[in-house]
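Here the protein sequences line up with chains A and B, keeping their order.
Per this note's numbering: the first sequence = residues 1 to 655.
Per this note's numbering: the second sequence = residues 1 to 99.
Hint data in this document are derived by calculation from the structure and do not stem from the laboratory.
A quick note: this is a predicted structure, and the numbers were derived from the prediction, not measured.
Fair warning: there could be bad hints in the mix.
[Stated by the list, open to error] If you want the footprint, here are the derived chain A segments under chain B, 3+ residues with CB under 8 Å:
1) 71 to 83
2) 126 to 132
3) 333 to 340
From the three backbone atoms N, C-alpha and C, an ideal C-beta is built for every residue, glycine too.
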Amino acid sequence: MSPQHDHCGAGGGALSTANVGLTRFAVVGSPNSGKTTLFNALTGLHAKTGNYPGVTVARYEGRTRLGEHGTVVVEDLPGTYSLDPISPDEQIVVDVLDTDHQNTRVDVPDAMLVTLNATTLRRSLGLLAQLQQTGLPICVVLTFTDDLSRRGGRLDIPAFTRALGVPVVTVVAGHRDGLADLRHVMARFDSWTSPVVPPPTDPAEVSAWVDSVLESSGYRLPAVDTRTHRIDSVVLHPVLGTAIFLLTMFVFFQTIFTVAAPLQDSVETFFGWLGGVVADHVHIGWLSAFLSQAVIGGVGSVLVFVPQIALLFLLIALLEGTGYLARAAFLMDRVMARAGLEGRAFVALLSSFACAIPGIMATRSLPSARDRLATMMGAPLMTCSARLPVYILLVSLLLPSDARFGLFNARGVVMFALYFFGALSAMAAAAVFKKLTARSGPMLPFYMEMPPYQVPRLKTVAAEVWTAASAFLRKVTSIILATTMVLWVLLNLPLRGEAEMAAAGVDTTDDAAVAAYVIDHSYAASVGRAVEPVFEPLGFDWRINIGILSSLAAREVFVATLGQVAAAENPEEPAQALREMTVQDGPQAGRTLFDAPTIAALLVFFMYALQCMSTVAVLRRESGSWKWPAIAFSYMFALAWAMAWLAKTVVGALV
Amino acid sequence: MSSVSDRMRQREFRADAAGTPRITLAHLQRGQRARVVGYGEGIEDSAARRLFDLGLSPGIEVEMVRRAPLRDPVIYRVGDYEIALRREQSTAIHVDRVR
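Okay, chain B solo, but in the shape it has when bound (with noise of 0.2 Å):
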């Protein structure tokens, strides 16, 4: 039997190429809430199994609550608590609007 954490790292996800051009968690503002759909193909796998691992899973509703005096980085509050994303994590994140 493989190890725990080389059964973690074979994880994957496949990246979100939708026909429909997607908006990603970065075209919040304040506020706006979206249920996260996947993740786009520019990011390394690693990082999107972290993303996933941090809770930004598929279906998860985020929120976004503010952003930092310097525009960057953004706190999104993510199911149950809140997470500080920079736009190079945020712009990986495909999501949907919630109205």
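Looking at chain A on its own, in the form it has when it is part of the complex (with noise of 0.2 Å):
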């Protein structure tokens, strides 16, 4: 598998336009083959990803010198095991190769690089023999050769290259000679041979031809690897593998949790710093709010995540370049089937515990696209690390903190539970996404190779950290910029007067007073205030609205603004203005509003509700449309408020 260039959606499908005119390569082969770190190794770092036109694939392209033949576009296409294509970025494969193919949405290549494991050369061969049906010039590329040699399989290159009638080139990721011959080869692309005869398509055909290749270029089939057998009798062995997976699976949470807790103290102490510069700086005073507050306050609520999100794609990346994530995948998957899913979705999920945006990029390992968007409408509903901060406020103010329940600490307990109900959750919307959509598309057979472990190759992890980190940054960061902008500009809007504060009997010389005055005359209020009605039932007033629809560009803000409120009526104490508080108006004026029955159903609501929309952006990034991004988003608020109205009822019939 590698996934993070055989799905990925990144941006729009623009990239082409600069690359116009220039001979194409594209880079075809199975998974496992090498494929991504050949175009790696092309291209470096200077892949730019998007999508293919109307479906979720992404694609990736670069540019590479040939030396003094000028500068070539290298495209790595989406690995497949066959032109019969059964997933659609298998189905771009063949959209992009197949020139008989009435299909004018992508460019079509000039040339084929094929690559080709050596160590699985009976199986590759037979999608090479498809392949050269193509009638696209190929040139093989062979790599993992020192493989082969190392678990004593055998090839005579010059008789295999004979009997195929094409180039073959010999690349073995980390050695440059192969890299350079290939580039040579390249460059004279329009004189490469290809035999008279291509090879047969007739399933029994093509097994014979496949064994007379084999035959005549001398293949001895390599031995099992031993490194790999080894290992694998422990890691996946009934005990002994069960425990190491609970263990990596605890260090992985531990990483990202307490890693990335420092880097992230840093960012949000930087652009506290930089607020504080500005504030100090600017001395028109909407101004210097708007920039210390929407500007620099919204990007570092953004940049906050880069530390976590770099964090999960190196671990992840890592444990996919050992090939521990196939075995992890292949010990979950019986439980995942539960869901209708497959082992590979438990990694999506597991990300999502960090958060669901690194979640719902992870998908792209999944080869269905069923099992993709299943799984992406689950993945909001597990517990995030942005819901943490929320969760902690809502129980603090509900339990005192010697509560027990039984033996156990009773905040603990309600802490766990909301884990523990939002990965079930979780698990049960996967479940039913999959059904409803079950009708559509034909049934993906499983499989799920397991590739032999190696050690990963720092240039694709960086590649891979890299490419998730920017493309987080560059469309993330626009769409919670903006959100917060349009926040402040409700929430401090419009312009209060003096005269107008004093004639409310407001003491303008006190900033707590005043700025309770402007936030309870905004427009945020009165948008919180007219969407009372939704609310009302689950017993939030205006400023736990106001809080609920500020979370929305992240679910921190509700902490933010709820300090802001209460900030507002008791500067030294807002946490006891937040547990005094009552409602102010409706039936239920004098109400204490953070009551039991009112706590419960915000957890519950923070549990089930989409309030992100840096989520919904990437949702609409990763499935291509706003159409799931528009039904996950209804349907989570749809449950969260139905959920949070039982939980309300409940409470209140307890307590």
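Relying on the hints, combine the two individually framed chains into one complex.
So this is what it looks like as structure tokens:
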């Protein structure tokens, strides 16, 4: 598997316009054939990502220089086992390569570089036979020949070249010589040889052709990889393997939360400091507040997640590069099957504990488009790190720190329940969506290649982390930034003159009182009051409503908004102010705002609601349309409302 | 000329309807080997073609390597590489034992 390049969806389809007129090479091969490594070696970190028009499959292309022969474009096609496609990304390979296929959506390459893994030649030659049917010039790039000789296999490359009738270049990852040879061969692509008679397509004849090619090139099957075999006997052992799996997951979480935390803190501190500097040096009141709160605060609230996302992708790239991820998916397959999904979906849900964004991006490793959508629809229900501050605030309002349920700390039990039910709901949602979409598309057979263990390639890992982090920055910053700016404006407008405030009895020298008055009479407050009919049954008042609306930008903003509102009432003891806050108007006026039923409703609401525009944006990017984010937002909101109402009613009856 | 993918889609595998009751890949115990004979009748055509493209072609020797701790899926060595299949797939692959 190489999910980073097989299914990535980033950005629009505008990238080929810059590369018009250049010779195009398509890198084609099955998963685990060293395709992505070759692509990265050729293009460095200069690959551009985009989407193929109309589908969710990402497109990777980059330029490479062929010495004095100028610059050419190299395109990394999704990994495929066949030109008989069963998934959207395999369909792309057909659309790009099949020149007879009436498809004008994509540029047809001028030539193909076909990566063949020397240790899995028997299977790979079947794909080569199909590719030769397209009539495009082909150069075979033979990879993993070092593995072949290490494992006692053998291949006479000159004889192999003669048998195939096309140029063959050996490129071993990490060695420059092969790459130089390849560039040399690529420069002369118009004089590449091709066999007089292309290989057959009939299944029985293909098998015979493969046999004859392998026999005439003295192919000796590599021995079982003893290293992989030994590692697997421990890592996939029924007892030991399960223990190692759980330990790996534990370390995975610990790393994401503990290693990322100080990095996140320093990002936060930096933006706090920057905001302070701006506040000190910009003396136009509204501009200063706008820059420090909306622009810098907004950018900062996104950048805080960059360490976590980079780290998560680093860990996943390492697990992937070693080959352990395939094993983890293998171990979890049966569990995931209960939700109608497969092992690989587990990785995506796992990532969503940190943040739904990398989780949704990780669904790229799923070959089935249906599984991918189902997983994306469930992933935002996993308890992400942005829910944590909201949960902590609300649980601390709900229960004193020494409250106990039996032996356990009550706060801990509630937190665990929130995580547990979040995960359970995510699985259930994925199962429901899998069922609902069951009629579209054929049943994909389940198969998962178990690649030999390897030392991960630094360049591949770096490319993956870089692609993930930069795509996140580019695409999401714009949305979050825009949202925070709009919110700030809504919370601070219309502007109130001092005379008006004085007339309303506000002490204009008291910043907190001014802030409270402005917020109370802001457009946001009007909006908060306007949506009151929706949230009133849940016990929320306009202040909570503003919090909920502002948390659409990012869930933590809820804490910040309530903090702002509370600080306006009692700057010394905002926490106390929250506890003592009462409903201001309506039939329930005078009731303590944050009573147990309301807090329970809020907790459950945040457990289900898709209060995160970044997630919506990523859903849009990864699914290729607004349809799925709209569905996700609607169903999660409906679920959140209904479950919150249920929680309020149940807790109300108990208290 | 029809396109390559169309021709690939037209490939047919006659269902293995041998008179003698066959065993399937799912019958193999750890370490046992067998030779693929064909695909069962219940399997979808596209799935059969994919199994063929994955190297699970008639005549190839397959060894059962290990089961997942929860019994399913199962890893098989197919010729020169290892692949995990769920029971749904392995029961559709008819084999003859190799001793």
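Results for each hint:
| no. | hint | in the structure |
| --- | --- | --- |
| 1 | 71 to 83 | holds (count 3) |
| 2 | 126 to 132 | holds (count 3) |
| 3 | 333 to 340 | holds (count 4) |
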